[in-house]
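Peer 1: If you read the protein sequences in the order shown, they are chains A and D.
Residues 1 to 253 (full-length UniProt numbering) are what the first sequence spells out, left to right.
Residues 1 to 351 (full-length UniProt numbering) are what the second sequence spells out, left to right.
Please keep in mind that the hints were generated in silico from the structure rather than gathered at the bench.
A virtual CB, placed ideally from N, CA and C, is assigned to each residue, including glycine.
Fair warning: there could be bad hints in the mix.
What the hints assert, rightly or not - Okay, the calculated beta carbon distance ranges per label pair:
no.: 1; chain 1: D; residue 1: Tyr-34; chain 2: A; residue 2: Asp-124; range: 40 to 48 Å
no.: 2; chain 1: A; residue 1: Thr-109; chain 2: D; residue 2: Phe-323; range: 51 to 59 Å
no.: 3; chain 1: D; residue 1: Leu-346; chain 2: A; residue 2: Asp-127; range: 53 to 61 Å
no.: 4; chain 1: D; residue 1: Ser-212; chain 2: A; residue 2: Tyr-11; range: 36 to 44 Å
no.: 5; chain 1: D; residue 1: Val-46; chain 2: A; residue 2: Asp-124; range: 33 to 41 Å
no.: 6; chain 1: A; residue 1: His-85; chain 2: D; residue 2: Val-46; range: 49 to 57 Å
no.: 7; chain 1: D; residue 1: Arg-230; chain 2: A; residue 2: His-194; range: 55 to 63 Å
no.: 8; chain 1: D; residue 1: Tyr-34; chain 2: A; residue 2: Asn-164; range: 32 to 40 Å
Said to hold, decoys possible - Just some of the chain A residues that point at chain D, by a computed CB distance under 7 Å:
no.: 9; residue: Gly-52
no.: 10; residue: Ala-68
no.: 11; residue: Arg-71
no.: 12; residue: Ile-79
no.: 13; residue: Arg-81
no.: 14; residue: Val-87
no.: 15; residue: Ala-88
no.: 16; residue: Leu-90
no.: 17; residue: Pro-102
no.: 18; residue: Gly-106
no.: 19; residue: Ile-108
no.: 20; residue: Tyr-216
no.: 21; residue: Tyr-250
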Amino acid sequence: MITLDGVAKTYGDVHALGPVDLEIPTGGVTALVGPNGAGKSTMLTIVGRLLGADAGRVTVGGLDVVTARPRELAKRLAILRQENHFVARLTVRQLVQLGRFPHSQGRITRDDEAAVDTALGFLDLVDLQHRFLDELSGGQRQRAYVAMVLAQDTEYVLLDEPLNNLDMQHAVSMMARLRRAADELGKTVVLVVHDINFASAYADQVVAMTEGRVRYVGTPREVMTDAVLSDVFATPVTVVEGPGYPLAVYYRA
Amino acid sequence: MAEVATTSPPTAPATPAGRPAPGGTRLRAVTGSYGFRLAVVALVAVAAAVGVLTYGNPAPPGSSGFWVIVRSRFTSVGTILVVAFCQGVATVVFHTVTNNRILTPSILGFDAMYRVIQTALVFLFGAGTLAATDGLGKIALQSLLMVGVASLLYGWLFTGTRANLHLLLLVGVVLGMGFGSLSTFMQRLLTPSEFDILSARLFGNISVSDASYLPWGALVCVVVGTVLWRRRHVLDVVALGRETATSLGVRHQREVLLTLVLVAVLISVSTSMVGPMTFFGFVVAMLTYQVVGTSRHARTLPMVVAVASATLLLAYFVLRHVFYAGGLVSVIIELGGGLVFLVHLLRKGLR
Numbered sequence: 001m002i003t004l005d006g007v008a009k010t011y012g013d014v015h016a017l018g019p020v021d022l023e024i025p026t027g028g029v030t031a032l033v034g035p036n037g038a039g040k041s042t043m044l045t046i047v048g049r050l051l052g053a054d055a056g057r058v059t060v061g062g063l064d065v066v067t068a069r070p071r072e073l074a075k076r077l078a079i080l081r082q083e084n085h086f087v088a089r090l091t092v093r094q095l096v097q098l099g100r101f102p103h104s105q106g107r108i109t110r111d112d113e114a115a116v117d118t119a120l121g122f123l124d125l126v127d128l129q130h131r132f133l134d135e136l137s138g139g140q141r142q143r144a145y146v147a148m149v150l151a152q153d154t155e156y157v158l159l160d161e162p163l164n165n166l167d168m169q170h171a172v173s174m175m176a177r178l179r180r181a182a183d184e185l186g187k188t189v190v191l192v193v194h195d196i197n198f199a200s201a202y203a204d205q206v207v208a209m210t211e212g213r214v215r216y217v218g219t220p221r222e223v224m225t226d227a228v229l230s231d232v233f234a235t236p237v238t239v240v241e242g243p244g245y246p247l248a249v250y251y252r253a
Numbered sequence: 001m002a003e004v005a006t007t008s009p010p011t012a013p014a015t016p017a018g019r020p021a022p023g024g025t026r027l028r029a030v031t032g033s034y035g036f037r038l039a040v041v042a043l044v045a046v047a048a049a050v051g052v053l054t055y056g057n058p059a060p061p062g063s064s065g066f067w068v069i070v071r072s073r074f075t076s077v078g079t080i081l082v083v084a085f086c087q088g089v090a091t092v093v094f095h096t097v098t099n100n101r102i103l104t105p106s107i108l109g110f111d112a113m114y115r116v117i118q119t120a121l122v123f124l125f126g127a128g129t130l131a132a133t134d135g136l137g138k139i140a141l142q143s144l145l146m147v148g149v150a151s152l153l154y155g156w157l158f159t160g161t162r163a164n165l166h167l168l169l170l171v172g173v174v175l176g177m178g179f180g181s182l183s184t185f186m187q188r189l190l191t192p193s194e195f196d197i198l199s200a201r202l203f204g205n206i207s208v209s210d211a212s213y214l215p216w217g218a219l220v221c222v223v224v225g226t227v228l229w230r231r232r233h234v235l236d237v238v239a240l241g242r243e244t245a246t247s248l249g250v251r252h253q254r255e256v257l258l259t260l261v262l263v264a265v266l267i268s269v270s271t272s273m274v275g276p277m278t279f280f281g282f283v284v285a286m287l288t289y290q291v292v293g294t295s296r297h298a299r300t301l302p303m304v305v306a307v308a309s310a311t312l313l314l315a316y317f318v319l320r321h322v323f324y325a326g327g328l329v330s331v332i333i334e335l336g337g338g339l340v341f342l343v344h345l346l347r348k349g350l351r
């Protein structure tokens with residue numbers, strides 16, 4: 001379980017987040033939704049201990065993310081940001097092997113290789129595993145990063161806009177894989193998504209935020225209503241019944 | 001509605017790129033292997049070292065005079081090896097922790113800082129204290145001072161969120177110039193004898209380097225090299241950037257600071273032995289990345305030592321024994337290196 005207790009953050013004069021109290025249950029896919037600047041990514045990076053909170057406390061599986069030993073925490077919690085710029089030249093396989101670092105400390109064992117193979121297979125990267133990252137398309141590279149995070153073999157996986165810059169085909173297959181990661185590998189996946197309909201189609205729980213606060217928490221069916229979405233996104237939204245899940249329609253007022 | 005027929009291109013057989021195709025020429029597999037490349041570069045370095053030691057020796061080979069001359073030239077070769085190690089390794093790990101491949105410690109003014117600290121020591125305490133406290137104590141004190149200033153200044157620069165390459169390049173150039181002017185100013189105020197002692201420290205040269213300093217320099221190389229080698233896997237993770245490294249359980253800021261301290265140590269050793277070399281590290285690091293292909297430190301660290309040694313030894317051999325201008329080695333390397341740096345900047349920009 002991920003718990004946030006009075007977590008707050010300000011950037012200079014700008015109040016970015018909180019105070020937020022939230023519990024994210026173990027297992028399943030939780031989607032953070034909301035307009036730009038609602039504090040979704042800020043909250044996710046604080047939970048992922050990439051950013052220090054000004055106040056409050058975050059625990060992941062009982063470990064306080066600030067005081068826990070980094071190596072122990074890295075075996076429980078992985079986070080992937082949307083921007084991953086680095087100049088190092090690595091093949092896909094080498095990158096995914098680095099995902100084993102919390103377990104191997106660089107000395108790759110047979111178990112590590114097996115985990116790497118599983119992650120590569122899970123993201124359909126086996127044919128690409130010896131290609132260098134700078135030879136891949138944006139979608140393939142994104143898959144490689146997610147494979148690295150899965151190879152880290154943590155119970156909790158946080159993803160900041162994993163669908164960013166992915167086209168329709170790749171976005172759908174990415175969400176399907178994350179869904180499978182939750183169902184088959186038993187992971188707790190928390191992700192920020194811009195497209196509310198992806199949250200509706202794949203998430204077990206939706207957390208809707210505006211102006212740094214959590215406004216609504218519930219299943220997609222509970223959150224996907226005209227009133228709630230129009231309020232959260234400050235835009236007239238009509239929810240219609242889709243193929244098995246509700247769809248938000250907002251393209252023309 | 002007509003469906004547009006798409007002819008999917010024939011998919012190439014999935015041979016993993018970067019690996020020799022099964023049944024491919026074995027020669028390619030050998031020349032393509034990392035061990036072979038490392039061996040070739042090391043062989044070039046050894047050949048150049050033998051050349052430096054033995055070429056143009058007026059005494060007949062095997063005579064006692066021959067060995068006396070060879071032994072005296074060992075100092076030059078040793079100095080070159082230490083300097084090559086310091087510059088090469090410092091540049092590669094500096095590139096890793098700062099996540100760029102343009103800026104080097106020297107370009108950011110590390111060696112200018114060394115000069116200003118040396119000058120300030122003479123300026124504030126007089127040349128007597130420097131000469132009197134020769135040996136380990138002085139070296140330790142100077143290194144400590146250098147490391148302190150470097151970690152404060154560059155630690156602050158690189159661990160903040162403002163790490164923007166253009167800004168850093170500007171800061172480095174300005175700091176380098178500022179340090180240079182400060183040194184020049186203090187040197188003007190020194191007495192001629194103090195200045196004489198100081199310049200012996202500052203304007204090192206491979207041909208006339210101080211043999212007494214060599215063992216200490218070598219010791220520092222061994223210690224720092226061991227520390228960095230043991231951390232090679234951590235460095236691989238640090239190279240992924242702060243956020244990914246943190247997610248993988250590495251204390252990123254601590255690792256960056258530790259590495260910057262070690263870089264400051266290496267650069268101060270190199271600068272004190274042969275004076276500033278602004279672009280040498282850049283050139284050998286670039287060559288190393290080209291030769292190795294991957295960025296893993298288990299590969300780049302040994303290779304950069306070999307490449308730097310081979311480059312410097314070859315340059316020294318050619319200039320000393322072919323053009324009889326051994327003192328010009330760093331000048332020529334700086335000229336060539338500076339040109340490569342400019343061309344690289346113009347072609348690829350700040351990437």
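Peer 1: It remains to establish, for every hint, whether it holds in the given structure.
Peer 2: Hint check results:
1. D/Tyr-34 x A/Asp-124: 40 to 48 Å: Cβ of D/Tyr-34 to Cβ of A/Asp-124: about 29 Å, so the range 40 to 48 Å is violated.
2. A/Thr-109 x D/Phe-323: 51 to 59 Å: 54 Å, holds
3. D/Leu-346 x A/Asp-127: 53 to 61 Å: The hinted range 53 to 61 Å is violated for D/Leu-346 and A/Asp-127, with Cβ atoms some 37 Å apart.
4. D/Ser-212 x A/Tyr-11: 36 to 44 Å: 55 Å, violated
5. D/Val-46 x A/Asp-124: 33 to 41 Å: At roughly 47 Å between Cβ atoms, A/Asp-124 and D/Val-46 fall outside 33 to 41 Å, so the hint is violated.
6. A/His-85 x D/Val-46: 49 to 57 Å: 39 Å, violated
7. D/Arg-230 x A/His-194: 55 to 63 Å: Distance hint for D/Arg-230, A/His-194 is violated at roughly 44 Å.
8. D/Tyr-34 x A/Asn-164: 32 to 40 Å: This hint holds: roughly 36 Å between Cβ atoms.
9. Gly-52: 11 Å, violated
10. Ala-68: 10 Å, violated
11. Arg-71: 4 Å, holds
12. Ile-79: Hint on A/Ile-79: holds, closest Cβ of chain D at ~5 Å, below 7 Å.
13. Arg-81: 5 Å, holds
14. Val-87: 5 Å, holds
15. Ala-88: Because about 4 Å separates A/Ala-88 from the closest Cβ in chain D, which is inside the 7 Å limit, the hint holds.
16. Leu-90: 6 Å, holds
17. Pro-102: Holds, because the Cβ-Cβ distance from A/Pro-102 to chain D comes to roughly 4 Å (cut-off 7 Å).
18. Gly-106: 2 Å, holds
19. Ile-108: Because about 9 Å separates A/Ile-108 from the closest Cβ in chain D, which is outside the 7 Å limit, the hint is violated.
20. Tyr-216: Nearest chain D Cβ about 29 Å off; hint violated.
21. Tyr-250: Because about 28 Å separates A/Tyr-250 from the closest Cβ in chain D, which is outside the 7 Å limit, the hint is violated.
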